[in-house]
Amino acid sequence: MNIRRFLAPDIRQAISQVREELGADAVILSNRSVEGGGVEIIAAIDYDEEAIREAARIRDMKGPGKPKIDPAILAATLDAARKSKLAEPAVPAPRQPVGPGPKPIEPRRPVASIAEHQVKKGNRIAREEHIADGQGTLAQLHREIQMLKFMVGSQLSEFAWDQMSRRNPNRVQLLRRLTNLGLSAELCQALVDQVDFEPEVEQAWNLAVKSLARQLPVLENNVLEEGGVVALVGPTGVGKTTSIAKLAARFSLRHGHRHLALVTTDGFRIGAHDQLLNYGRILDVPVRMAHNAEDLHDILNGFADKRLVLVDTAGMGQRDERLTQQFSVLRECGMPVTNLLVLSATTQRFGLEEILPAYAALEPAACLLTKVDEAGSLGEVFSALIRHRLPLAWFADGQRVPEDLHPARAWALVERAQQLLNGHRDEVHDEVMAMTFGGLAVNAGVSAHR
1 MNIRRFLAPD IRQAISQVRE ELGADAVILS NRSVEGGGVE IIAAIDYDEE AIREAARIRD
61 MKGPGKPKID PAILAATLDA ARKSKLAEPA VPAPRQPVGP GPKPIEPRRP VASIAEHQVK
121 KGNRIAREEH IADGQGTLAQ LHREIQMLKF MVGSQLSEFA WDQMSRRNPN RVQLLRRLTN
181 LGLSAELCQA LVDQVDFEPE VEQAWNLAVK SLARQLPVLE NNVLEEGGVV ALVGPTGVGK
241 TTSIAKLAAR FSLRHGHRHL ALVTTDGFRI GAHDQLLNYG RILDVPVRMA HNAEDLHDIL
301 NGFADKRLVL VDTAGMGQRD ERLTQQFSVL RECGMPVTNL LVLSATTQRF GLEEILPAYA
361 ALEPAACLLT KVDEAGSLGE VFSALIRHRL PLAWFADGQR VPEDLHPARA WALVERAQQL
421 LNGHRDEVHD EVMAMTFGGL AVNAGVSAHR
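Each residue of the sequence shown is one higher than the one before, counting from 1 in this note's numbering.
One or more hints might be untrue.
Unchecked claim - So the derived label-pair ranges between C-beta atoms look like this:
no., residue 1, residue 2, range
1, R331, E40, 32 to 42 Å
2, N170, E40, 30 to 40 Å
3, L277, W411, 30 to 40 Å
4, E415, P336, 28 to 38 Å
5, A139, R409, 53 to 63 Å
6, K210, L138, 52 to 62 Å
7, P336, E200, 44 to 54 Å
8, A24, K210, 36 to 46 Å
Treat the hints as calculated values from the structure; they're not laboratory data.
Computed from a predicted structure; not experimentally measured.
Backbone N, C-alpha and C fix where the C-beta goes; we use that ideal spot for every residue, glycine too.
Using the sequences and the accompanying hints, generate a full structural model.
What follows is the structure, encoded as structure tokens:
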């Protein structure tokens, strides 16, 4: 049996790796999420089910010639070792002689005593090896039980998916199309449950995408019109500085450059201040740099006459230890600050599920979505925004300033997601659908019978 382990950012890529390296006859033994994002799949080819069942009954891990370990013998050995230790007499401390006297002659150890000592030592080593051997066998038994458990779970998922495909093919087709949008399994299931009454697939699809548009949170208030201090926060490389320039240009065109100022707190990235200075010269607006919360407080006081102050911040990963320091600059400046979380539409689901909780401490008012033109799908970010109830304020689909920045409209974004689906989205394999939705059906059935 050839067993292989595969790691990938998501289940679809992992399944593709299995198919490419082991072929279509490969069997999924296990799948799980791994710490730090991604999934792990253990797959096998040319496996023998009877051999696996036999291995679960017979534990001969050390090959021929080694006696099998009986758990009862192992327990008796441990008990005997404990009793032997308790039965050993304590050695009294030697008494000090009253006066000087001749040094006692140490009696020579008899040969029989030496032999007895060697026998005891050999027995102790044998017991330790026996115990270690038993522990290794138990660990291997646990691993094989887990493998069998995952195999049974995978087979149940495939069976549930096959039953669903035969009983309700329209539901399966709708689930597949929504999954191709990149939506999470939970959101797909919820949308299908809302339109399951509709017998026609196309009509059900139209109702489902309309429901998706209604659920996608969008900020009703225009941040630029309300003014104040607006800070753009987010991970490295999502386009915060370019988005600042786009927002500043839109505001200048509508209200004039005299009511606008730019501030940066990015003292980590080389050239970050220069980049914002260039935008400031083009727009003819003042630009300042704040190194800490006190600097930011003084600068914002100096810009009290400005209708809008846009603050650019340093991009940091969600696991960066300096992230809390960046947060403290905005929270402790003594001024009300509206935070916009900048996200890239190209970020995968696991990344989004790390970024959003990490930046939740700043209580962002809304999200600005960048790189929509580079995304292969929008379902991942839709699912994350709906799950975390973070409204979308703006989205950007290019580098042009300010033409490629647009106010968020839920239906327009959903239509764009459909265009991506019709363009180049790959079909989700049946194995992925079975493991995802068949597994959900099995889990729902187990919960219902508890």
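Each hint tested on the structure:
Look at R331 against E40: about 38 Å separates their beta carbons, and that is inside 32 to 42 Å. A hinted range of 30 to 40 Å holds for the C-beta pair N170 and E40, which are about 34 Å apart. For L277 and W411, the Cβ-Cβ distance of about 39 Å falls inside the hinted range of 30 to 40 Å, so the restraint holds. Under the hint 28 to 38 Å, the C-beta atoms of E415 and P336, about 36 Å apart, fit the expected range.
The given range of 53 to 63 Å is respected by A139 and R409, whose C-beta atoms sit roughly 56 Å from each other. The given range of 52 to 62 Å is respected by K210 and L138, whose C-beta atoms sit roughly 56 Å from each other. At roughly 51 Å, the beta-carbon separation of P336 and E200 lies within the given 44 to 54 Å, and the hint holds. Take A24 and K210: their Cβ atoms lie about 38 Å apart, and the range 36 to 46 Å holds.
Consistency note: the structure conflicts with none of the earlier hints.
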